[in-house]
Amino acid sequence: MKLNKKITLMIGLLVLAFAAVACEPQIVEVEKEVQVTVEVEKIVEVEKEVEVEKIVEVEKEVEVEVEKIVEVEKIVEVAVPVIVDDPNRTLDIIAVQHAECAWDSFWCTVQAGIQQGAQDNNVNVTILAPDSFDVDKTASLIEQAVAAQPDAIMLTVTDATVFKEPIQAALDLGIPVVAYNAGSGPIEDGIGYLTYLGQDEYAGGYLGGQRMAANGGSKGVCVNHVPGHTGVAKRCAGFEQAMTEAGIAYEELAINDDPSESATILGDYYAANPDVDLWITMGPNGAVPFYAFMNNEGLTKDDIVHGTFDNSPEITANIENGTTMFGIDQQPFLQGYGGVTSLALAARYGILPAGPVTATGPGFITADSLGDPAGADAPMKIIAVQHAECAWDAFWCVVQNGATTAAERMDIDLQILAPDSFDVDATASLIEQAVAAQPDAIMLTVTDAVVFKDAIESALNAGIPVVAYNAGAGPVEDGIAYSTYLGQDEYAGGYQGGQRLAALGGTKGVCVNHAPGHTGVAKRCAGFEQAMTEAGLDYEELVTNDDPAESATIIGDYYNANPDADIFITMGPGSAVPFYQFMDNEGLTKDDIVHGTFDLSPEISANIASGVTQFGIDQQPFLQGYGAVQALNLMVRHGVVPALPVTPTGPGFVTVDNLTVVQALAGEFR
Amino acid sequence: MASATSPSNFQKTRARLANYSEVVVLISFILLFIIFSLTADNFLSLLSLTNIVTLAAIKGIFVIGVAMLMISGEFDLSVGSTLAVGAYVFAILMEHGFVLGGTQILPPGLAFLALILALIVSALLGLINGLIVVRSGIPSFIATLGTMLAFRGIARAMGNSELAKTSGNADVVRFTGEAPPLFNVLNGDLNFINDLGTPAGGARMAIIWFVIVVVVAVIVMRFTRYGSWVYATGGNRMAALAQGVRTNRVLIWNFVITGALAGLAGVVQFASRPAIDPARGEGWELIAVAACVIGGIWLQGGYGTIIGAAIGMLLLQMVEQGLILAGVDIQLFQATIGLILIVAVISNTWLSRT
Amino acid sequence: MNNDSLRIRSLRLFENSPVAGPLLTMIAIYILFLVITPNFATWRTLSGIVTAVSISGIVTIGVTLLMISGEFDLSLAPMIAMSGYLFGSVSVGADSLITNTLASWGLPVAVGQGNVTLAILLGVGIPTLMGLVNGLILIWTNVPSFIVTLGTRQIYRGLVWIVAGAELLQVLDEPIVYEVFNGRFDLLNDFVKTWLIGEDSRDRVNFRMATVWLFGLVALYQILLVRTSFGNHLFAIGGNEGAARAQGVRSTRARVYAFMISGFLAGFAGIVQFSQFKSVRVAEQTGIELTAIAGAVVGGALLNGGYGSVWGALVGVLLISVLRSGVILMNFTLIPADNFPAVVGVTIIASVIFNNWLRNRSTS
Amino acid sequence: MEQVAEKIGNDLFKDEQVIVDMQNVTKRFGTVEALRGVDFQVRKGEVRALMGDNGAGKSTLIKVLTGVHTPTSGKIIFDGEEVQINAPADARALGIETCYQDLALIPLMSIWRNFFLGRELVTNIGPIKWLQRQEMAKQCQESLLDIGIHIRSAEEKVGKMSGGERQSIAIGRAIHFGAKLLILDEPTSALSVKETNKVLDYIRAAKERGLPVIFITHNVNHIYQVSDSYTIIRQGQSVGTYMKGELTQQDIADLITGAREK
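Protein chains in written order, with our numbering: chain A, 1 to 670; chain B, 1 to 354; chain C, 1 to 364; chain D, 1 to 262.
By construction, these hints were calculated from the structure, which means they are not laboratory data.
You may find that some hints are simply not true.
Said to hold, decoys possible - Distance condition first, Cα-Cα at most 35 Å in a straight line; then the derived DSBU-like pairs of lysine-lysine:
1. A:590 - C:193
2. D:44 - D:180
3. D:75 - B:12
4. A:219 - A:301
5. C:193 - A:508
6. D:194 - D:180
7. A:234 - A:219
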């Protein structure tokens with residue numbers, strides 16, 4: 001048979017078509033060379049803008065925490081708790097609080113949370129409280145609690161100065177300690193306890209403001225009935241920020257604790273400023289005069305938008321009839337529940353809270369959320385949809401271990417779904433199919449918000465609560481109204497990792513990406529690139545795949561073509577394993593190449609120990625799985641919603657210095 | 001032996017059933033439907049049923065093309081890649097328009113034009129398949145294995161090219177603008193169905209497109225000369241050629257149709273999940289073959305129906321949804337499909353062995 | 001015969017050996033890259049090309065035998081994974097479902113106490129059984145092997161998932177047996193380093209033991225194919241099954257053996273793979289079936305059966321590997337590393353056309 | 001005519017000169033009866049033609065004899081003993097060589113490999129059967145030369161040979177392996193006149209060496225050229241067996257089509 005001319009032509013065409021598409025960047029690049037400098041500037045500018053918006057504005061508090069984390073780590077390192085010998089045994093925890101159920105109904109809710117947390121985590125909790133508000137007595141109770149040498153202690157830090165010594169005594173014994181309800185976090189309090197569980201006041205004001213501004217408005221007012229109270233000032237500041245972002249005028253209006261006088265002040269102010277249409281009050285003591293004012297002026301829900309902090313029967317009634325858009329709840333239940341859980345995780349698995357402050361509020365009580373929770377004993381089913389699973393990535397074994405551990409402890413039926421290989425589209429289909437099962441809740445990894453949007457919204461429309469874990473950017477940035485995202489700030493991880501590596505010196509940084517198309521991983525590379533650029537180093541992204549043998553070859557060939565590449569960051573075990581293989585293949589040592597990686601695995605830990613790998617960026621996958629199940633459990637059974645759009649679980653850097661603590665737990669919990 | 005001259009009723013029934021290639025898949029479908037109705041919670045809910053049909057419909061659109069191709073005795077392993085290329089063409093034109101040498105030739109957002117161009121490009125890829133198979137005589141399995149990789153390369157290159165550059169995120173093209181009305185036509189919600197129950201169903205326009213494709217294909221295969229040519233080409237190519245059937249033309253057209261339908265499926269999918277990545281559609285070629293084979297189409301060609309393939313695809317999707325609802329680990333879905341595949345083929349073979 | 005011209009004699013070389021065409025192509029491409037590609041003329045590149053194909057090469061041998069007998073096996077990836085899990089778990093006594101189950105059955109293995117012999121036996125034995133099942137289903141049902149193995153591939157995947165306990169396996173120990181199967185081949189590396197390139201050169205050599213196994217297996221199976229009656233029967237079945245059976249060839253038995261060999265080699269590949277990476281996933285090596293078919297076809301095997309050689313398959317996978325290294329080293333913006341499969345696609349079509357042309361010239 | 005058939009059947013061949021005797025053989029495929037009690041005998045040293053229309057059952061009859069199909073009922077006596085032929089290998093073991101029209105040889109394999117296929121000369125080394133390649137090539141070439149076939153090299157692929165030459169390999173193979181019966185299924189159907197004559201020569205050569213041949217054909221001329229007798233099959237039954245010259249060509253044609261009742 002002769003080679004048909006047409007075939008030749010066709011193959012030629014095929015090659016040409018291929019070349020034409022692929023050549024495109026070359027041509028354009030050449031033409032653009034003149035403008036390159038301008039382009040770069042623009043990009044940097046745009047990126048800065050986006051970053052500023054993203055981090056500083058939306059998650060201001062998170063950014064602050066990220067900065068502080070290094071400091072905290074130092075403190076926490078001193079106070080790293082002793083891990084109990086048997087994670088399955090019943091733990092003994094003592095809770096010391098400055099008030100109790102017997103004299104304030106608020107505390108009944110806190111204690112209910114503690115009891116539920118104890119039950120869900122297989123913990124015995126003893127609650128100690130003075131007969132009346134008494135700082136000194138409380139401090140003595142702490143001392144007595146330490147003397148009992150429980151597995152962990154939780155307490156309310158009403159006075160950091162007085163409590164510092166007794167708490168330090170507990171820390172010195174290796175007893176993990178958290179603060180709840182009252183406190184300012186380990187940094188501000190100057191005591192190395194793990195975290196403080198309470199409301200994030202700034203976020204409450206900010207997120208409340210966002211909700212109110214969502215439908216437009218001309219002027220927002222923060223009605224402050226306790227001028228000078230720092231917590232309330234933060235609320236107003238957050239609200240102001242939301243107003244400013246939405247381009248709405250803002251003013252703060254001080255009232256006092258006399259309801260009738262305050263109502264008059266409000267009326268006068270409104271007469272002078274008839275353009276005010278968004279009002280936020282700081283609690284029942286501000287809301288009560290506000291309702292009186294509305295009544296006086298004959299205003300209805302059509303005239304103004306009202307939101308408030310905290311809750312009361314009157315507020316609830318007004319939420320029900322639509323006058324008040326929401327009440328911001330600091331979720332006392334979660335303060336108790338979260339305190340027990342954090343301690344249990346720390347004592348059993350060495351899982352530490354990600355930030356100095358763990359927000360329990362703001363939780364938004366709206367007309368939609370006023371339904372009754374299912375109750376502690378209600379049977380519950382969660383479907384988890386992941387883009388990866390334990391059968392193909394060690395990292396995911398830890399996530400799944402977290403989720404199944406939580407599900408077992410909380411008596412939840414957990415079904416995990418994952419595609420065969422990284423496949424955004426197949427994952428989206430799995431979400432849709434999971435919704436059809438009508439479980440009580442769904443947890444999922446948002447690898448691509450655009451693709452998943454419809455599927456997740458179908459779940460929300462069906463009344464199924466959804467949280468994201470491991471992959472996602474939070475409901476605000478993803479533009480999907482799921483409850484919260486539990487994970488690390490990927491950009492910050494890549495950026496900080498890049499800074500650490502660049503500090504060791506080098507020529508060219510390479511981001512080895514084994515999951516192209518994964519938005520979270522793309523952010524890691526982007527953060528790393530930013531760090532490289534700032535350090536004046538070259539940067540390139542190298543795409544590999546999930547076949548380790550082939551990936552090792554690809555990295556090797558790349559290295560051979562680019563011998564100046566000397567800084568490598570890998571995106572997890574999926575690219576670290578081929579990377580180590582590549583080093584072995586090429587006979588390279590830690591003197592030739594600087595390497596850092598995301599995530600941990602036994603092999604990564606071994607390489608951190610031997611100095612080949614500088615660090616593993618730990619996002620605490622166990623906490624992602626455990627926390628997601630716990631958050632859904634709280635939402636469905638107890639009506640407690642996650643406080644923040646992003647619930648951070650990392651980044652924390654595991655280096656040769658703190659490796660020993662982590663290494664014992666690697667592969668299962670870390 | 002008496003039974004030799006007067007076959008039993010059982011044998012008669014079997015012989016009669018053998019005339020309908022879709023009988024095995026239909027019976028399996030009904031049986032599994034009943035089993036899932038009894039064992040899987042919420043299986044009979046509107047949401048679950050519409051989910052099955054919608055998800056099956058998107059893949060079903062190109063399964064019909066593959067079915068026609070298999071009836072004519074050929075494979076197309078490149079459908080998944082063609083689907084990705086089609087979706088990329090559509091996505092890039094929608095998001096970025098067409099830029100050549102710095103000049104904006106087409107502005108972004110021309111939805112209808114983008115659709116037409118996506119279909120043309122994917123049909124052209126089908127044409128390339130057809131020409132290689134027909135002109136070189138390479139078995140279509142190998143030829144399309146080659147083009148599967150090559151077309152995937154085109155999709156990847158398109159994602160990497162300057163045409164598609166989005167902010168730093170390699171390869172993925174997302175549509176960020178306001179969705180044009182065409183998206184609703186392509187894969188919008190079918191609210192008149194979805195509102196029938198609580199929670200609302202998940203029916204989409206893909207179902208309508210699937211039905212249209214099936215109806216047109218059934219008409220073509222049953223009532224037109226082209227249809228009988230397709231069967232003849234697959235049944236006995238030499239004989240068909242001898243009877244004046246232009247078998248080569250039939251094959252090329254079938255490849256073109258398959259390519260175009262793959263492109264359509266890609267675009268329809270994009271209309272509801274408006275992002276495209278280079279891995280899109282990987283492995284779907286084998287799903288399509290499995291659906292066709294379960295649906296009673298012979299691997300060697302010449303036998304089988306469009307309806308069978310369509311039911312085959314629905315069955316696969318139903319099993320996946322059903323197992324998820326029954327709380328079975330998804331990985332066992334794979335095994336179940338393998339089992340169904342083998343059992344279906346054995347039953348089909350047994351039936352046709354009269 | 002002796003007065004045949006050189007041209008005719010070289011043509012006969014082509015016609016009687018499926019390997020000649022691909023070999024010539026590979027050498028030509030290799031030389032081309034040597035001339036035009038920077039960094040290509042290094043031991044590092046050469047050893048990299050050979051090392052990269054060790055696992056796919058071993059699998060391709062079995063696939064080639066099957067293709068010669070006119071069959072496919074799409075179920076090799078789960079066999080590799082199965083072998084990896086069994087071998088990996090048992091060789092070091094990893095704390096896994098496999099080890100615990102086997103120990104509870106009274107087999108000589110326990111957590112922390114590996115059993116290398118048992119590990120190897122299971123690693124190649126179970127995949128061989130899986131191949132046997134493929135073969136038996138095929139001959140009992142008479143369904144095309146494409147469909148049978150498409151089905152069993154899914155079933156085996158589920159099986160691996162169950163056996164693996166839904167987890168990936170990763171071990172840190174490094175028993176000597178790993179070195180034997182796929183450690184660095186330092187004897188050769190050091191020899192090359194010392195005598196051929198000099199100690200102080202930047203060039204590196206990385207031959208691995210897998211390459212030794214690969215070449216050994218290729219030689220073994222090539223001999224099996226052309227020098228034994230079994231091989232003869234494989235060609236006959238693939239070339240014309242009816243005729244072969246009419247001549248008394250037990251075609252079903254030969255085909256079942258071919259499937260078992262293919263399973264055995266997949267198992268072997270699983271062991272080699274695990275020895276190198278010390279980890280295995282359920283979805284390990286997904287898609288290697290098509291890569292192997294591509295290698296066999298590029299190496300001159302005929303898809304419909306009856307023609308091909310094990311040497312050819314080796315040359316086929318090497319040809320693809322040479323292209324990969326060359327293309328990546330050329331550092332084309334036009335073909336980034338992750339887009340190499342597209343080159344493979346075009347190569348498949350081009351080489352099938354070329355091989356067909358050669359074969360048709362020689363047989364008509 | 002029935003009587004003639006019976007006479008021949010009963011008297012002429014009822015002796016040790018009979019190589020194969022198929023008695024009352026039936027074969028059913030599902031509801032279709034392909035053979036309905038066929039009696040068929042072949043004498044040693046004769047060339048017997050088997051005639052019949054397409055679908056008459058002659059191929060089925062041959063496939064029963066060669067073990068491709070097992071008969072539904074009936075008896076096969078081969079070389080004086082009742083035999084069960086369940087597989088082609090059984091037929092081969094008895095010495096029945098077949099050359100089918102549609103599945104004759106394997107084009108992509110060399111001549112000697114085809115020649116010795118299924119009966120390779122091997123040296124057993126453990127379980128591995130080593131091929132004696134040189135020996136086989138040599139024997140093959142000699143054996144073909146013996147019946148007048150020249151080949152350039154036994155390494156040539158069969159695909160390069162002409163249709164006539166391919167038939168010669170089958171015939172040469174039968175002679176070489178000392179077959180007791182050679183069956184040729186339409187060996188001349190797609191050949192030129194010149195090639196056909198060559199094949200007929202090979203059949204004569206086989207007969208000269210005492211090898212009985214069953215020769216399936218449509219072509220009455222060929223019967224007259226090489227065969228000694230012929231059997232006509234119609235609708236799964238034997239119409240009768242006749243000696244060469246017993247019937248006119250028109251008679252034969254009528255019997256085949258059933259235009260004239262027997």
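Now for the hints, and whether the structure bears them out:
Distance check on the hinted pair: residue 590 (chain A) and residue 193 (chain C) sit about 21 Å apart at the alpha-carbon level, within 35 Å; holds. Using a Cα cut-off of 35 Å, the hinted pair residue 44 (chain D) and residue 180 (chain D) holds, with the two alpha carbons roughly 8 Å apart. Distance hint between residue 75 (chain D) and residue 12 (chain B) is fulfilled; the C-alpha atoms sit about 30 Å from each other, no more than 35 Å. Using a Cα cut-off of 35 Å, the hinted pair residue 219 (chain A) and residue 301 (chain A) holds, with the two alpha carbons roughly 16 Å apart.
Between residue 193 (chain C) and residue 508 (chain A), the direct Cα distance comes to roughly 28 Å. Compliance with the 35 Å bound is thereby established for this hinted pair. For the proposed pair residue 194 (chain D) and residue 180 (chain D), the alpha carbon gap of about 28 Å is at most 35 Å, so the pair holds. In summary, the hint linking residue 234 (chain A) to residue 219 (chain A) is supported, as the alpha carbons are separated by about 19 Å, within the 35 Å threshold.
Against the hints set out earlier in the document, no violation occurs for any number.
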